[in-house]
Amino acid sequence: MRCGWGVFVSCLLVAHAADAEPTGRRRVVVPILSDAPEPLPESSVLPARPPPREPPPLPPHFGGAGQLVIEGELDASASTTTVSGVGDRVTYGAAPGLDYFVFRHLSVGLATGVSFRSATVTDSMGREASTKEWRAFAGPRIGVNLPLSRDVSVFPRVWLGVSSEVWRASTDASGLAQLPSVDGGASRRRAGVSLRVFVPLLVHARQARVFIGLGPYLDVAGAGAGPDGASRTIGAMSVLGGTVWGPDPPPDADASAQAAASRPRFGGRGGVVLAGNLGVRGGVTTYDQSTAEVVDVRVAPSADVFVVDRLSVGAALGAEISRAKLENRVLGAVHTSTTWFASPRVGIDVPITSWLDVYPRAGFTVGMISSSERSVSLARTDRDDSGAVYGLSLHVSVLAHIAPHAFVGAGPTVEYRTVAGSTDPFRGDAPHGRLALDGFVGFWL
Numbered sequence: 023m024r025c026g027w028g029v030f031v032s033c034l035l036v037a038h039a040a041d042a043e044p045t046g047r048r049r050v051v052v053p054i055l056s057d058a059p060e061p062l063p064e065s066s067v068l069p070a071r072p073p074p075r076e077p078p079p080l081p082p083h084f085g086g087a088g089q090l091v092i093e094g095e096l097d098a099s100a101s102t103t104t105v106s107g108v109g110d111r112v113t114y115g116a117a118p119g120l121d122y123f124v125f126r127h128l129s130v131g132l133a134t135g136v137s138f139r140s141a142t143v144t145d146s147m148g149r150e151a152s153t154k155e156w157r158a159f160a161g162p163r164i165g166v167n168l169p170l171s172r173d174v175s176v177f178p179r180v181w182l183g184v185s186s187e188v189w190r191a192s193t194d195a196s197g198l199a200q201l202p203s204v205d206g207g208a209s210r211r212r213a214g215v216s217l218r219v220f221v222p223l224l225v226h227a228r229q230a231r232v233f234i235g236l237g238p239y240l241d242v243a244g245a246g247a248g249p250d251g252a253s254r255t256i257g258a259m260s261v262l263g264g265t266v267w268g269p270d271p272p273p274d275a276d277a278s279a280q281a282a283a284s285r286p287r288f289g290g291r292g293g294v295v296l297a298g299n300l301g302v303r304g305g306v307t308t309y310d311q312s313t314a315e316v317v318d319v320r321v322a323p324s325a326d327v328f329v330v331d332r333l334s335v336g337a338a339l340g341a342e343i344s345r346a347k348l349e350n351r352v353l354g355a356v357h358t359s360t361t362w363f364a365s366p367r368v369g370i371d372v373p374i375t376s377w378l379d380v381y382p383r384a385g386f387t388v389g390m391i392s393s394s395e396r397s398v399s400l401a402r403t404d405r406d407d408s409g410a411v412y413g414l415s416l417h418v419s420v421l422a423h424i425a426p427h428a429f430v431g432a433g434p435t436v437e438y439r440t441v442a443g444s445t446d447p448f449r450g451d452a453p454h455g456r457l458a459l460d461g462f463v464g465f466w467l
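Numbering (this note's numbering), first residue to last: 23 to 467.
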């Protein structure tokens with residue numbers, strides 16, 4: 023029993039010594055295993071995720087703040103036409119403009135323009151008359167771009183400026199009656215304040231930063247010093263322009279596809295070129311004491327196929343329609359002319375750089391022309407004329423490839439035409455010579 027009690031007392035002493043925890047010794051705690059998950063440290067708890075934010079809107083392809091736009095009338099041109107034994111006509115002009123978007127889709131700008139027209143006409147009795155007209159205008163404008171889609175927008179603009187117009191008529195010694203203005207003279211001057219409203223519909227080539235447009239316009243000019251009083255003009259015209267400064271347009275989602283599509287080179291065998299001259303300029307001007315109407319429309323779509331590398335064959339089909347009308351208290355006169363034509367041709371592509379080509383084309387023209395003149399005066403004269411048109415043409419165009427499979431072009435045009443079977447005994451088979459500077463847009467497949 024003594025041994026048993028001794029062992030028991032020894033165990034109690036050892037347990038008491040463990041509970042005492044003398045200095046210098048640490049208490050060992052045996053963890054109790056449990057199925058409950060151990061809590062994470064306070065520093066490892068993730069903060070709450072903020073709500074998703076909408077991405078900022080992409081800048082517009084056209085109309086973004088800071089963009090600078092340059093444009094001009096698409097039918098701005100320089101040309102001279104000579105009709106042997108009948109007369110000649112010279113026309114040149116330009117109407118460039120600048121617009122700067124100070125805010126998104128809101129622009130301020132400057133519009134300018136100058137034009138000159140000269141015409142000499144000989145009637146069926148051999149009497150000759152000539153007219154010359156100078157016009158100029160300039161003024162500030164404001165516009166609002168209204169996007170309809172990624173590629174189409176309406177860009178109405180209003181501008182207020184000053185305009186000047188000089189019109190003169192002269193005759194030869196044979197005594198052909200002059201075209202008088204209301205005061206009976208052979209010249210007219212107008213200068214004053216003018217207001218124009220132009221509402222074009224624009225189609226954009228986004229990555230190329232260019233556009234083409236067409237729309238109606240309204241001109242209101244003050245009486246100024248002109249004898250015919252104030253005038254109001256309603257008409258339509260086409261424009262061509264582009265963005266030359268400002269933020270780049272956002273990239274398209276199919277940029278890689280466009281890059282792959284741009285690998286084929288213009289002028290390769292089997293390539294098809296679609297282009298066309300499109301000029302629309304017309305209007306009706308009503309003065310306080312007279313009316314003048316001028317309409318000029320030129321439409322000439324074309325197609326060319328490269329049968330071998332750099333050599334193409336093709337044709338252009340087109341129409342030229344013009345109408346001029348003048349009415350006042352002294353006289354009334356209306357002249358209309360319509361020409362339908364087809365021009366087969368061959369062309370040679372001469373590449374200059376990766377984005378620039380010279381593309382001369384030569385061919386011949388066949389077609390029909392009809393014209394009429396109606397006048398109301400003391401000596402009334404009416405004349406109708408028609409006949410077949412034959413001629414030769416040469417176009418030397420410089421093409422700038424502004425986007426994959428798209429280009430703009432400009433260059434001189436020389437044409438020589440003659441009319442066969444004319445019903446006018448004085449005009450007969452009068453040949454026509456034309457030298458002009460033409461511009462156009464096109465695509466190739």
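Source of the hints: derived by calculation from the structure; they are not laboratory data. There could be a bad hint or two in this list.
Stated by the list, open to error - Here are the simulated distance ranges between beta carbons:
{"id": "1", "residue 1": "LEU467", "residue 2": "VAL219", "range": "35 to 45 Å"}
{"id": "2", "residue 1": "ARG405", "residue 2": "ASP173", "range": "31 to 41 Å"}
{"id": "3", "residue 1": "ILE256", "residue 2": "ASP331", "range": "44 to 54 Å"}
{"id": "4", "residue 1": "ARG211", "residue 2": "ARG332", "range": "52 to 62 Å"}
{"id": "5", "residue 1": "SER140", "residue 2": "PRO382", "range": "40 to 50 Å"}
{"id": "6", "residue 1": "VAL136", "residue 2": "PHE465", "range": "24 to 34 Å"}
No residue lacks a Cβ here, since even glycine has one placed at the ideal position from N, Cα and C.
Structure-based check of each hint:
{"no.": "1", "hint": "LEU467 <-> VAL219: 35 to 45 Å", "verdict": "holds, 39 Å"}
{"no.": "2", "hint": "ARG405 <-> ASP173: 31 to 41 Å", "verdict": "violated, 47 Å"}
{"no.": "3", "hint": "ILE256 <-> ASP331: 44 to 54 Å", "verdict": "holds, 50 Å"}
{"no.": "4", "hint": "ARG211 <-> ARG332: 52 to 62 Å", "verdict": "holds, 54 Å"}
{"no.": "5", "hint": "SER140 <-> PRO382: 40 to 50 Å", "verdict": "violated, 29 Å"}
{"no.": "6", "hint": "VAL136 <-> PHE465: 24 to 34 Å", "verdict": "holds, 32 Å"}
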